[in-house]
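Those protein sequences? They're chains A and B, same order as listed.
According to the working numbering, the stretch in the first sequence is residues 180 to 440, in order.
According to the working numbering, the stretch in the second sequence is residues 2 to 481, in order.
Among the clues, some could well be false.
[Unchecked claim] Chain B is faced by these chain A residues, among others (derived, beta-carbon under 10 Å):
# : residue
1 : A294
2 : V331
3 : G334
4 : F335
5 : G338
[Unchecked claim] Stretch-level coverage of chain A by chain B, calculated; a stretch enters the list once three of its residues show a Cβ under 8 Å from a Cβ in chain B:
# : stretch
6 : 259-269
7 : 312-324
Since the hints were made in silico from the structure, they are not lab data.
Note that the Cβ used here is the ideal one computed from N, Cα and C, for glycine as well.
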Amino acid sequence: MQSKMKESEPILEVENLSASTDNLPILKGVSLTVYPGEIHAIMGRNGCGKSTLSKIIAGHPSYNITNGDIKFLGENINSLEPEERAQSGIFLGFQYPIEIPGVSNLEFLRVSTNARRKFLNKEELDTFDFEELVKEKLEIVKMDHAFLSRSVNQGFSGGEKKRNEILQMALLEPKIAILDETDSGLDIDALRIVASGIKKISNAQTGIILITHYQRLLDEIEPNYVHVMSDGQIIKTGESDLALELEEKGYEWTDNFVKET
Amino acid sequence: MVNENLVKDVVKEPYKYGFVTDIETEKIAKGLNEEIIRLISQKKDEPKYLLDFRLKAFKKWQKMKEPDWAGLGYKQIDYQDIIYYSAPKQKEKISSLDEVDPKLLETFDKLGIPLTEQKKLTNVAVDAVFDSVSIATTFREELAEHGVIFCSISEAVKNHSDLIEKYLGTVVPASDNYFAALNSAVFSDGSFVYIPKGVTCPMDLSSYFRINSGDSGQFERTLIIAEESSSVSYLEGCTAPMFDTNTLHAAVVELIALDDASIKYSTVQNWYAGDEEGVGGIFNFVTKRGKCLGKRSKISWSQVETGSAITWKYPSCLLLGEESVGEFYSVALTNNLQQADTGTKMIHIGPKTKSTIVSKGISAGNSINSYRGLVKMGTKAKGSRNYSQCDSMLIGDQASANTFPYIKSQQPNSEIEHEASTCRISEDQLFYLQSRGIEFEEAVSMMVSGFCRDVFNQLPMEFAAEADKLLALKLEGSVG
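Please build the complete structure, drawing on both the sequences and the hints.
As structure tokens, then:
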């Protein structure tokens with residue numbers, strides 16, 4: 180099964196990536212390859228570089244790539260703008276989704292969806308057609324229609340913000356979704372909704388990277404690979420049982436690992 | 002940060018109304034003295050009371066000092082170096098639009114304000130003012146059927162002299178301030194609106210002010226009277242060509258609302274703002290005030306101020322009538338070296354009066370954008386209420402935003418509430434929108450529009466769309 184997957188081309192290849200912000204090195208040679216249909220989990224202590232890795236893949240301007248490459252569908256994307264990456268199918272689910280006062284969620288979702296559709300040479304949707312589409316997708320995250328008329332993420336509870344992220348993922352139909360601590364701050368019910376949403380959206384053509392601290396999301400969505408990050412490096416890679424072992428033994432257990440490769 | 006620079010690029014403003022109409026004009030000599038004032042009055046064939054009004058105002062003006070409390074920095078204005086009357090040459094009496102110089106019609110066409118019968122806007126009546134004179138007013142007959150008078154103020158002086166004599170200068174007295182006194186002495190044209198008792202004006206009324214000449218000032222005067230239980234929505238737009246000199250614009254607008262009457266006055270101000278180095282642009286010193294004379298009367302100002310090198314403008318409400326309502330909704334966008342000092346005065350005189358102030362200032366480039374407002378509760382304003390909200394948005398790190406709220410209360414049984422905030426478009430917000438595939442420029446534009454939403458919601462539909470477009474245009478530019 181695994182080998183069959185690898186007959187196809189990888190979606191994402193991170194090759195020996197080093198990056199810094201304000202001359203402070205954050206990533207120190209990360210390599211990661213995601214094939215279609217794969218789910219990868221990245222775990223590690225706070226400050227190990229997990230979130231930074233996700234932001235750099237999405238093109239955050241605060242970080243400089245000092246070495247290495249990011250390839251998406253075989254093309255180097257190191258110098259692409261964040262919106263170009265998003266349009267071509269890279270999705271970042273934010274750990275802390277940003278509030279945009281005054282901008283209606285519906286309008287934001289529509290403009291965003293149309294930007295992606297335009298890239299795919301699909302017809303852009305007018306307000307009415309978009310309403311139809313969004314209604315369907317709201318089901319996936321069990322969100323109320325009333326969310327659409329509010330300002331983007333403003334006054335949303337933690338759980339509502341995270342569901343709004345998954346709603347965006349559902350609308351944008353990315354090739355790869357990097358979900359940064361999407362499970363944090365969720366109660367059990369919300370976690371199940373989010374997890375089942377992610378499963379519904381993903382398929383054999385998409386790749387998913389779950390960044391998380393906890394096993395409980397991985398109970399819902401079983402990863403093919405688990406990577407442990409520490410001090411800007413992936414220090415251990417295993418299969419889903421690695422997460423269980425980590426849950427049991429804690430991060431202290433990983434302190435003794437030397438970087439593999 | 003890289004993004005800060007990008008934001009600066011985005012707010013670079015193209016000005017598409019900068020053309021000059023090449024037309025023969027009748028101009029009087031430069032300078033200001035009693036002779037000139039008599040000449041203006043004579044050209045307009047005015048009755049004696051109006052000439053006296055002008056001369057009195059001029060005498061007062063001579064004794065007054067140009068105000069400097071707003072701390073605006075600009076080149077000293079030489080009042081003797083300005084032409085106070087400039088009009089396109091045309092036939093003495095124009096009976097129909099066919100006789101208007103096609104060049105003028107073409108000018109307004111280009112500005113998006115077609116005046117001719119075939120092309121005129123269908124749901125709004127327009128008074129088009131070119132330099133010192135009104136060129137045309139559309140839908141006059143249709144409005145007359147409802148008893149609504151909508152014409153140039155010069156015409157009103159001729160045909161409705163009683164109303165002019167009764168109301169002119171009663172809201173903004175000639176001695177009110179330096180620029181109001183100047184305007185009272187030399188005002189040329191502007192619009193006049195009269196809504197009779199019980200009439201809801203069947204369409205929006207609109208004035209479009211165009212400065213064409215580079216060396217003449219524009220001093221328009223507008224007077225709107227809403228009789229008992231009447232209502233009107235009035236829109237004002239303005240543009241000017243790009244000159245490297247500064248042109249003075251000192252207007253006076255007076256509104257009067259009687260019992261249960263309501264006036265909604267909306268402005269989109271897009272005078273030429275000068276270039277990136279601050280050369281040229283309009284000096285905009287305007288006195289706008291409404292008097293809620295009647296019980297339960299309501300005056301609502303909304304403005305979108307994007308142009309002018311200098312803006313000095315405080316549309317205000319005198320709330321005399323019991324339970325009268327004053328509103329002020331403002332968006333002011335400044336860029337490059339623009340300076341805006343704008344706000345309102347809500348003077349609560351009558352009991353149970355209510356006012357709302359919502360001001361949104363956006364400063365980019367090296368501009369200075371200040372809100373200055375006064376809320377005053379008089380001794381009789383028992384049970385009155387005010388709510389003010391002043392928000393500033395900074396773009397880049399060279400712009401400045403100030404808020405100067407003045408509050409005076411002589412009535413313990415009244416409420417005044419003031420909220421203020423300052424924000425910056427954050428890199429995280431931009432990144433969030435970009436990471437959803439939204440182009441950088443559109444992201445900035447969306448956030449600015451969002452910031453202004455509360456005010457745009459108050460504008461008449463078409464104006465709101467225009468305002469949104471105008472801001473987007475101002476924010477248009479090459480992204481890195």
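Taking the hints in turn, this is what the structure says about them:
Contact between A294 (chain A) and chain B, as hinted, is supported at the beta carbon level, the nearest pair being about 4 Å apart and thus within 10 Å. Taking 10 Å as the C-beta contact cut-off toward chain B, the hint placing V331 (chain A) at the interface holds, the least distance being around 8 Å. Because the smallest distance between the Cβ of G334 (chain A) and any Cβ of chain B comes to about 14 Å, over 10 Å, the interface hint for this residue is violated. Because the closest C-beta pair between F335 (chain A) and chain B is about 13 Å apart, greater than 10 Å, the hint is violated.
At a threshold of 10 Å, the smallest CB-CB gap from G338 (chain A) to chain B is about 18 Å, leaving the interface hint violated. Figure legend: the stretch 259-269 of chain A, annotated as covered by chain B; annotation consistent (6 residues with Cβ-Cβ distances under 8 Å, at least 3 required). Coverage of a stretch by a chain is defined here by at least three residues with a beta carbon nearer than 8 Å to that chain's beta carbons; for the stretch 312-324 of chain A and chain B the count is 0, and the condition is violated.
Consistency with the previously given hints fails for numbers 3, 4, 5 and 7, ordered from lowest to highest.
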